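Trainee: Chain by chain, the residues run as shown.
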Amino acid sequence: MPELIKVGMADYKVGRAPAILISYGLGSCIGISLYDPQTKIGGLLHIMLPDSSKSRSSENRNKFADTGVADMLDEMIKMGAVKSRILAKLAGGSQMFAFANATELMRVGFRNAAAAKEVLSRLSIPVVGEDTGGNYGRTVQIDLSDGVYKVKTIDKGDKEI
Amino acid sequence: MSDDIASLSPAQKDVLKEIGNVGAGNSATALSQIINRRIDMDVPRVSIVPLSEVPELVGGPDNMVVGVFLRVYGKAPSNILFLMPKESAFYLVDMLMGKRTGDTKNLDFMDESALMEIGNILSGAYLNALYSFTNISLLPSIPALAMDMAGAILSVVLVQLGQMGDHALVIETEFKTDDDGIRGHFFLVPDSGSLEIILSAVGVE
Chain R
1 MPELIKVGMA DYKVGRAPAI LISYGLGSCI GISLYDPQTK IGGLLHIMLP DSSKSRSSEN
61 RNKFADTGVA DMLDEMIKMG AVKSRILAKL AGGSQMFAFA NATELMRVGF RNAAAAKEVL
121 SRLSIPVVGE DTGGNYGRTV QIDLSDGVYK VKTIDKGDKE I
Chain V
1 MSDDIASLSP AQKDVLKEIG NVGAGNSATA LSQIINRRID MDVPRVSIVP LSEVPELVGG
61 PDNMVVGVFL RVYGKAPSNI LFLMPKESAF YLVDMLMGKR TGDTKNLDFM DESALMEIGN
121 ILSGAYLNAL YSFTNISLLP SIPALAMDMA GAILSVVLVQ LGQMGDHALV IETEFKTDDD
181 GIRGHFFLVP DSGSLEIILS AVGVE
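Respectively, the protein sequence lines represent chains R and V.
For the record, in the first sequence the residue sitting at position 28 is 28 according to this note's numbering, with numbers rising by one throughout.
For the record, in the second sequence the residue sitting at position 201 is 201 according to this note's numbering, with numbers rising by one throughout.
No wet-lab data here; the hints were simulated from the structure.
All values derive from a computational prediction rather than experimental measurement.
Cut-off 30 Å, straight-line C-alpha distance, at most; resulting in silico cross-link-like pairs (BS3-like, lysine-lysine):
# : chain 1 : residue 1 : chain 2 : residue 2
1 : R       : 150       : R       : 6
2 : R       : 54        : V       : 75
3 : R       : 152       : V       : 105
4 : V       : 105       : R       : 150
5 : R       : 159       : V       : 105
Here are some, though not all, of the chain V residues that point toward chain R, as calculated from beta-carbon distances under 8 Å:
#  : residue
6  : 60
7  : 62
8  : 64
9  : 150
10 : 156
Even for Gly, the Cβ is constructed at its ideal location relative to N, Cα and C.
The following block holds chain V by itself, in its conformation from the complex (with noise of 0.2 Å):
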């Protein structure tokens, strides 16, 4: 399967889709109680995409976004990728390290690191998430930030892929504040073959 994900069968991904649910409820939990805010998510989506089209998915690739990108370690590889727009971001910043709405225009070095800490904690939850279906431990490395184009941000996580075949299994839920201004997309992307992994250890190969 690892060479054709282009065939998962419903039953597969309803449980990928759960496993979605529940790590960014977690993750969205986390985030909720650091900013003292009501996040809103929606329900996950499951798709198989070609390679060339996951731009789309969060507004075209040269739509200008902040990433935080960390590896994932253990019996499943994968890569996870939380994207924000730029002024998302922004404002998440300003709730953060307490400024007024609308103070950060760029991100200096402590934005970045504040974060990066914010991509450690929702990974660890949703990676948690993961752990308590599937009884697959994984361990997430140090972030890495990056603000630039869509396009060229996806293309870390895509180029490991594109290796293997010319899909992507993406595994993608949109986060809200309540008063819209964050909008976040949380995306898991496992390598070829941990996709088989985790579906074996769930019982629906």
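Only chain R is shown next, with the shape it has when bound in the complex (with noise of 0.2 Å):
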């Protein structure tokens, strides 16, 4: 059995193949992922917010799209990854509860989604595979041997993107 490493929420963790990354229960948080399909280094980031510009310095990076993204890129950098060549995958980012006046506050998955793949364009890494928006909660796992992004949910079916 390859090592399953979970994620909580507002962390992030890498490691290299056989190992999975594994993040349950995502809502209007992003499960972002980085392969390097080459050294089997990759990453899993669990975000809750889009950017950390209205942030105090002494807060945990990791809950923010920008910070968190740049700090795992640098630390998979260290392993041996080679920035060249990583993909990036995400899932998550959805509104679960409809409310009729959605506050932008409620619209939090939206923008986080929009956040990370703007982190990610702004550092040349291409987005590969995508499943967000929706209204139900996502737990995320990817397989570092095959860099297989697998996306469960409750009554929504599986999918690998």
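Mind docking these for me? Both chains are given alone in their own frames, and the hints should help you get the complex.
Mentor: See below:
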């Protein structure tokens, strides 16, 4: 059995094949994976919010798309991953409760997805798989032996991206 | 203090516990009257937990639950979340809709509406108690319901807190019916800043 590494909310984990990185129960949060197919080094980041610009310096950087991706990428490069080969996949960003007068905060899932893609494009990392939006939770995992990113849901089926 | 809720004094914790106790007591009485069953509740837990650990309070982030969410408006804006395991929610629907136990296998529109109304009544009872302590009048929004993974549902509340800090103050009470058929968790999660207002209203700043 490959090692199963859990990634909590506002956290990231990096590893090498044959490990599997998994994050349970994402709602408006996003699970962003980065993977270098040659060295089979990868990481999974579970962000809650789009950007850190309104944050205080003492805060957990892994909560935000921008700082979280930057830190995870650095750590992967230190382990031997090569930036130009890294591919990204992401899933999550749903809106769990539908309110008639949805505030900006309620639409945070949508904003998270947009921010994640913008951060990745700024770093020139291609997004090769995406499953975002909807109104349901997701459990996501990436298998570092082949880079397959699995998305599980309660009643919307499972998929690989 | 809104910056660092990790430093509540024992007196402050006691006050919040007492608010939780009376609030949840009111709610439990209301629920008991509706379904005509005895409801037991435990002593509320007041905990300050890192955001990432909140889902563990309800059995882990991928545990299947039904959640009724209400936004609370007023001088101390907060969120209320009433979470039940799926089986408890079905059992409660059986009771509310006059069905035989075990009849409910999924939630239709009417069932959801009934559970949202329960959320509404429980929240009203809870906020009344909060008012009697603090004189702060708080109004709940219309309820919203979701059946999904606990982590996904909780994230709605946690994201709002996450904008300000890394910890959540959770006043949590567990309910259960005497036959153990229904178990629920009632969460009051004050916005950062609201906690100060509540504590100062009861004189334990």
